[in-house]
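What follows is the residue order along each chain.
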Amino acid sequence: MSAVTESSTADGTKTSTGKGRRRGIRGSSLAFWLFVGPFLVGLLVFGYVPIVWSLFLSFFDARNTVTPTDFVGLRNYADMLTDPNFLSSMVTFTVFAVFIVPLTFALSLGLALLVNGVRVARAFFRSVFFLPTACSYVVASLIWKLSIFNGVRFGLANTVLSWFGIENIAWLSTVNPPWYWIPLVTVRLWLQLGFYMILFIAGLQRIPTELYEAAYVDGAKPGWQVFRFITFPQLRATSIAVLLLNLIAAYQAFDEFYNLVGNVNYARPPLVYLYSVSLGSIQDLGRGSAGALILAVIIMILTLVQSRIFGFGKAD
Amino acid sequence: MATTTQPAVRTTGTPVPIGHSRGPMATVAKIARWAALLVTTLVFLVPFYLIVRNALSTDADITAPGWKVFPSALQWGNIAELFNDSEVPMARALWNSAVVGVLGTGGQLLLAAMAGYGLARIPHRAADKIFYLIVATLMIPAAVTFIPSFVLVSSLGWVSSLRGLIIPGLFSGFAAFLFRQYFINFPKELEEAARVDGLGYWRTFWLIVVPNSLPFCAAIAAITFIANWNAFLWPLVIGQDSSSWTVQVALSTFVTAQTINIHELFVAAGVSILPLVLIFVFLQRYLVQGVAETGIKG
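Chains R and V, in that order, are what the protein sequence lines are.
Just so we're aligned: 252 in this note's numbering is position 252 of the first sequence, and the numbers increase by one with no gaps anywhere.
Numbering-wise, this note's numbering comes out as the position in the second sequence, counting from 1, plus 1000.
Honestly, the hints are just simulated from the structure, not real lab data.
Cβ coordinates follow ideal geometry from the N, Cα and C atoms, glycine included.
There are no misleading hints in this set.
Far from chain V by the CB rule (all over 10 Å, computed), these chain R residues: (1) 75; (2) 236; (3) 305.
Here are the computed distance ranges between Cβ atoms for each label pair: (4) R/64 <-> V/1098: 31 to 37 Å; (5) R/174 <-> V/1133: 47 to 53 Å; (6) R/87 <-> V/1095: 41 to 47 Å; (7) R/110 <-> V/1135: 31 to 37 Å; (8) V/1068 <-> R/177: 28 to 34 Å; (9) V/1257 <-> R/208: 51 to 57 Å.
One-sided and incomplete, this derived list gives chain R residues near chain V with beta-carbon spacing under 7 Å: (10) 31; (11) 42; (12) 125; (13) 136; (14) 142; (15) 146; (16) 154; (17) 198; (18) 202; (19) 295; (20) 300.
In isolation and in its complexed conformation, chain R is listed as follows:
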């Protein structure tokens, strides 16, 4: 390692002459690999090898083995795409996304505007709404499952309902009506609203005050009009980032579903199903890999489509 240091030092002092420059490139090449090499090797081994291996497994009958011999072509893909459980996990995801994405967007923007609008104790409120980010989904699920929505008399939700004379509701196991969505959606809202609120606050603080002054001079009414014509359009980049991150995070839902309802067919997102297929009792790594790749492709397409529509990543 000291040799590398010396050669790059030499390059640092001799960049002006032609000869030194050539030597410098060789020296900086060593330095480049010293800095980038360790990361690159790890990325190839732990990033690319698994993906290629997964692609390989997805074309084989790979039950309980990672070095299969029985080539089955596209059968694993066909199996997954016609598997009612996999398809219903996609429906579960879609329903979940339809609830969680707009709710998170509207409520985190609302919180950001609320917090940004007060002049006293702003840091306090920001901290309170941000604090749940410190909780894991497991801890939050524990609180939701055992203390708030436990479906018995002493649960907080049922205690509050009983003040209004409403009978106990078995929140997590009532399928008709689908009460289980209330704990599943509220736990995620509590955990992630503060995170997206911070993104919106950062976005709000980047809006130049001159715009507001100009709007004021032009006679825009404070409140709705200013929000509609100044604030919201200026938050365009942030809004797209929030929607995109939110949608991807919804697709990867695992922790709260696993801990709140477990491996049940009425509320099982794709990752929980794939976990049970590939690491549960069947250990079908071929079908699991095929499902994971289908999921990855769908997420990539959604990301690309959204970027095209909204022009995400372009200078705003």
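Fit chain V to the supplied structure of chain R, relying on the hints for placement.
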């Protein structure tokens, strides 16, 4: 929210900050705003209250027919009970989480910062290609690759080991990407001065660049540590044996199996969020900066 009904344009005086116009409707709006803030604050704090209340109650208090806002007597002994319970490997799980959190965060930061610096500052013809390789991994969500990663790690014999928990997570394309973008915008003057003084890349990086990037590193470190500490899917996949459970896996096992006293479980939950609450208190500023930084660019 109708903030005001009167014309907003006043002919004299300084511009009124938006949302702070005067008049009776503005007062109503102000009250509504504060009411909304206080109610939301209460709702957001309820789960924390439940952790503390249940952790310091007897099970009889928790399941009492009428809601007990406070336990009839604070059961401080619950904490000792959790750590003395031989059925529950919570001390071991906390240790595992601490090791994974510290080594995972430190290693990820070190590797990503070095790679980011190399890509941003050391001219090399492979730099662009390597950068594309990194960006390409950002397209594939990590949660989707848990099956192939498990396959790889199990073939290395790393299942149920700290190596298996830590090493695959060290090579975060996202962190390397963030560091590269950060170092590209890092002022060049400091480094040029160092080079004139005869420092090579290695020493310039450690003596000049890193000390001047500490706020950014702290922001990324705080975010990474929280993510590592709270990670669940990967530790669940790898932790086949209870000796390699992290705190999250241990908690989950008891929640889904319900073989433990409720109060003990809530003590464990409280203990598990304590390190993160401390990070929040001491690193709040960097944390907010980090979220704004990493979130927007994600």
